[in-house]
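Novice: Each chain, letter by letter, is given below.
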Amino acid sequence: MYQVLKLLRSAPTSAKIGMVAILINVVCAVFAPVLAPYSETQVVGDGWESVMWSTDAVKHDPPVILGTDHIGRDLFSRLTYGARNTIALALVTTALAFSVGAASGFLAAIMKGWVDMLLSRIVDILMAFPTLIFALVVLSVMGTSTTVLIFVIATLDSVRVYRISRAVAMDIEVMDYVEAAKLRGEGLWWIIKDEILPNALLPLVSEFGLRFCFVFLFISALSFLGLGLQPPTADWGSMVRENAAAISFGILTPLIPAAAIGFLTVGVNLVVDWFLRKASGIKDVK
Amino acid sequence: MESLKIMIAKRLFFGGLTLFAISVLIFLGVEALPGDLTQAILGQSATPETVAAFRHQLGLDLPAHIRYLEWIDHLIHGELGTSLANGRPIGELLEPRLYNTLFLAVATAIVSIPFAIGLGIFAALYRDSRFDRLLSITTLSAISFPEFFVAYILIALLSVHLGLLPSISEIRPDMSFWKRVHATILPVLTLFPIVVGHMMRMTRAAIINLLASPYIEMARMKGIKRTRIIVRHALPNALSPIINVVILNLAYLVVGVVLVEVVFVYPGLGQLLVDSVSKRDLPVVQASCLIFAATYVLLNLLADVLAILANPKLRQPK
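Here the protein sequences line up with chains C and R, keeping their order. Sequential numbering of the first sequence, starting at 1088, is according to my numbering. Sequential numbering of the second sequence, starting at 2, is according to my numbering.
Worth double-checking, as some hints may not be accurate.
[What the hints assert, rightly or not] Pairs of lysine to any residue residues, derived as SDA-like cross-links and limited to a Cα-Cα distance of at most 20 Å, are as follows:
| id | chain 1 | residue 1 | chain 2 | residue 2 |
| --- | --- | --- | --- | --- |
| 1 | R | K226 | R | S241 |
| 2 | C | K1280 | C | F1295 |
| 3 | C | K1103 | R | K226 |
| 4 | C | K1103 | R | L135 |
| 5 | R | K280 | C | G1230 |
| 6 | C | K1103 | R | K280 |
| 7 | R | K11 | C | F1295 |
| 8 | C | K1365 | R | D129 |
[As the list claims (entries may be wrong)] To spell it out: a stretch of chain R is covered by chain C in this simulated footprint if at least three of its residues, at any positions, have a beta carbon under 8 Å from a beta carbon of chain C; those stretches are:
| id | segment |
| --- | --- |
| 9 | 22-30 |
| 10 | 65-75 |
| 11 | 207-221 |
| 12 | 289-302 |
I should point out that these hints are in silico values taken from the structure, not numbers from a laboratory. Every residue gets a Cβ at the ideal spot worked out from N, C-alpha and C, and that includes glycine.
The whole structure should be built from the sequences, with the hints applied where relevant.
Specialist: This is the structure:
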């Protein structure tokens, strides 16, 4: 515990800002029902009321902090619930992509031969497909449901995780201790779990951060296009879409959820950047 | 020299194979549609006879591999079928939009490539300076923002607040070149930070990698001037990674403009694709996806081949 704190304190300012951003988002996501004064779908006033501190704000009790959206729902409440929905969805998707991608990547690195060949060729083809286009084809055929969404994005992502975990595992696999474990007669699962995984953890953790950002932006993009989470579920991408018309009247409501997306992804990226710098620094010393 | 030709031929072969796989995937994807296309168009109340007649008319009663070959055959001859939504031939629908999308991509490339590469070289030369750190954080932020965030900030600022540019890119075929450019400025400005961010970071990494190699150190120890080291020693070898960076970003541009096109109602291929997906206009989805995927694959292929040509080390097969 103490070591973790020490490590965190040694982080550069940019990484600290990133950590604060992540923390705020996590708090919002976890305590959404406590923080939000209204429910996700409750209509509290007219469309696009101004923020609390502007001169033409309408009084509400409890206060409508960031104004209302296009049909008069409390924007702040929807933002907190949106944090919960979008972050949860992105986390589940990334976790799924990682378990599938890392497991098959390790497997390919250890088994080699036709397993590696087959998996790598499938991955090559999927990699050659532009991601957004792939998602659009599948969503147009299968329809937009949360299950399909998770499945499609996890597939696209696991391919990239496969590449990196295979490369990392290849490097570890030639080490003497893995050879020793093999000679000792350890099983495949044991080698993956106790020899490869602990040594591959650092690069994979940074990759998890990057992948999470990618998934998060991807879900937001699809929601923005009207193909992600479906209304009335609060979700940052679709909130931007719903309120987009306001911008031509000079109302800045759609910028708020868009900024929230940027805030989280920049935060995660800043922390990952520090992590990567640290990881490469260790390599230099060696 | 012989092995060079073989390597390039190999890449081309794999590129062709990938294209084939993609076309099969797109075809099968539509094949896997729950229910039948005919049911979706004719509705629940259609009699079995009309359904059968319609299936025959669309050629849906033939086995899958024959339909696939027919589809490819038509594609090669430029017959893309007709749109289900409005019955117009798809080729007619796609052509002006493809042109618009390419216009946007090329315009963005012209503006951002020199800027990004210049910045990348500069950041690599003065790496770990305050300037480099600042640039690194700025570009990192730029690439982690969603495109629509940048787009709406620009709209709020430049078109609503200052009234300089139109918030919607209305483009007609009979517009003059400069009017077209005027309507394209905002989408280009939106793509600019994202593309520059990616490209600059990749260029910086490539150059730093290079500057760490022993022969550069040797040149430095001989006392050669810094600019001469960069121009004569580093740049020729940096060429292949830079070409790669540029082409990969071009590939991103052609495909990644979808969101930006939707925001600005820019009449490009991406907007058509998104529209067709929500309308489930599958022939249009198939055709535009194939164009996007083919462009992407071909550009990546081009990057591979150029990298082989520019880098003697890659010519030796491992």
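Novice: Decide, hint by hint, whether the structure agrees.
Specialist: Going down the list of hints, with the structure as the test:
1. R:K226 - R:S241: Outside the cut-off at roughly 23 Å; violated.
2. C:K1280 - C:F1295: 18 Å, holds
3. C:K1103 - R:K226: Violated, at roughly 40 Å.
4. C:K1103 - R:L135: 16 Å, holds
5. R:K280 - C:G1230: 11 Å, holds
6. C:K1103 - R:K280: 45 Å, violated
7. R:K11 - C:F1295: Roughly 34 Å separates the two Cα atoms, so the pair is violated.
8. C:K1365 - R:D129: 14 Å, holds
9. 22-30: The restraint on the segment 22-30 of chain R holds, since 5 of its residues have a Cβ under 8 Å from chain C and three suffice.
10. 65-75: violated (count 0)
11. 207-221: violated (count 0)
12. 289-302: holds (count 6)
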